[in-house]
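J.: Can you build the whole structure from these sequences, using the hints too?
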Amino acid sequence: MIVEIIYNLFTLIAVSILAGLIQQEDKPVLRYQIFQGVIFGMAAVLGMLHPVVFSPGLIFDGRSIMISLCGVFFGPIAVMISAGMALACRFLQGGIGTLTGLMVITFSALLGLGLYYFRLRWKREVTLVQLWLFGLAVHGVMLGCMFALPVEMAWQVLSKISLPILIAYPITTVIIGKILLDIFTHKQQEAALRRSEADLKEAQSVALLGRWELDIGNGQLKWSDLVFEIFEIDRIKFGVSYKAFLEAVHPDDRERVDQAYAESMRNKQPYHIIYRLKTAGGRIKWVNEICRTEFDPQGNALRSVGIVQDITTRKMVEEELKGSKEAVERAMKAKSEFLNNVAHDFRTPLHAIMGFSSILKLEPLNAKQKKLVDIISERSRGLLSLVEDLLAVSRLESGRLELRRVEFDLKKCVLDAVDVARVELMSKEVKMTGIVREGIPRLKGDETRFHQILSNLISNAVKYTDKGEITVKLDIDLERSQPGVCRILLSVKDTGLGIPADRLSQIYDAFVRFHEFEGGKPRSGVGLGLYIVKALVDLMKGRIHVISEVGKGSEFVVILDFDKVLEV
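In terms of this note's numbering, the sequence shown has -9 at position 7, counting the first letter as 1, and numbering is strictly consecutive.
Wrong hints could be hidden among the right ones.
Pairwise CB distance ranges, derived in the manner of DEER restraints [claimed, not checked]: (1) Q77 - G124: 20 to 26 Å; (2) L344 - G307: 53 to 59 Å; (3) D218 - R238: 16 to 22 Å.
Rather than coming from a laboratory, the hints here were simulated on the basis of the structure. For every residue, glycine included, the Cβ atom is placed at its ideal position computed from N, Cα and C.
T.: Structure, rendered in structure tokens:
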């Protein structure tokens, strides 16, 4: 009986191998499950047609193994088909063990589906130990189904078949399961490799990237399909060789490409080169090539492998950008020259107007005449300030503004600027305060540029503050000052109109103005003050930041480093 059982089981193993080998990844899922259900159902029926006959109507075969494993590996559709075929066959066979046989098929299918859903939920492949335990469980249930027989017969059957069943059937379950696992793993790897190759080919096509390989021993050159497309060469007419490749290179670049390859062979290092192609149709194309060569332990070259990428479009864009950049630079230069010329042309007559205004003020004038002269003088100073701003913008944008390093008194510079601002604020309800930290040493730097930064920030505060207070504060950052270098903190804080939060990113742009007519009166200026401040701070390698709230005012903080002249 044991020999017959083993014979039956090995027949099932052979059928299982066949089922695994004809598995195809590219078949539709439903069609594939039906196909496998039929294969495993046929294997179960084959075993039932050549069973181990214990007594008339009481037979043993490997249907439990095939049905249960069909459920484990192929799911509900396949197991229903295979179980249905086995149930029909066993019912037709009849005999005293019919009910037992039908129960064995049903429970085998259910247990197989249970392990199938366990695999899906936990996303795990079954191990050999799990397969053996599964086989033991299936056939333990099968032996339990023997009690559907008359009790005396059930005990008689169990006493004779229990040991062979519990030894051979779980082992056979493991063997068949392992065969299927190995075959499926191999098929999945093949499918993954095919997908990877397809993805790589698609990526190369999108990136216009081809591959070539040169066998140095026999001089045979292999090109991928995309290389032929890049070079616009018919593979049938093209004699693929290194010499033929060089002929496809633009004549002006041919020697450079040949030298790059020869040099890489001498120094045994990869090379990277960009060169032109001249196609048969006369078109010029640009390619980017990278190559490495493999050498044997003795230093003999074996093969060269390289990639070629069509970068013609990129080169065209670069040329367009280069032309655009040059056009922008020319426009910026023309604008700077225009501003410079306009500023100089305005400066001369303005000085004359201001000079004559000063002379007129010395003459005996009535009230109306004095008022008119004051207006002329005030407007002239405003225009001169604008001219100075335009000149500063012109020099900054043209890169002609150079920093000077002279010794100066920072404290005096700040307090003088505050005194001038107090005069401007006499017509407003605004208090002007200057706070200078004691002990600030004499410094060395560009006093003129610092004064421009300070005066523009104060002017901005005066312009947009109608009542309240403006505070100018000069301090030292002792923690971040280095030996010989003094880090200065300059703060200009006002209680003016403030800046909307959504426009803070624009405050340093040229010709940008806020609150132009707010408060019932126009605000002077053209929007260059903060632009000049930011440009000068950057030029002096400093930093500036602002804190502002609409209706509550603004505070600008400038951080600059100056060389110390004398420690105090």
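J.: Take a look at whether the Cβ-Cβ distance between L344 and G307 falls inside 53 to 59 Å.
T.: holds, 55 Å
J.: Honestly, do Q77 and G124 meet the 20 to 26 Å range at C-beta?
T.: holds, 24 Å
J.: Taking the Cβ atom of D218 and the Cβ atom of R238, is their distance within the range 16 to 22 Å?
T.: holds, 21 Å
Of the numbered hints stated above, none is contradicted by the structure.
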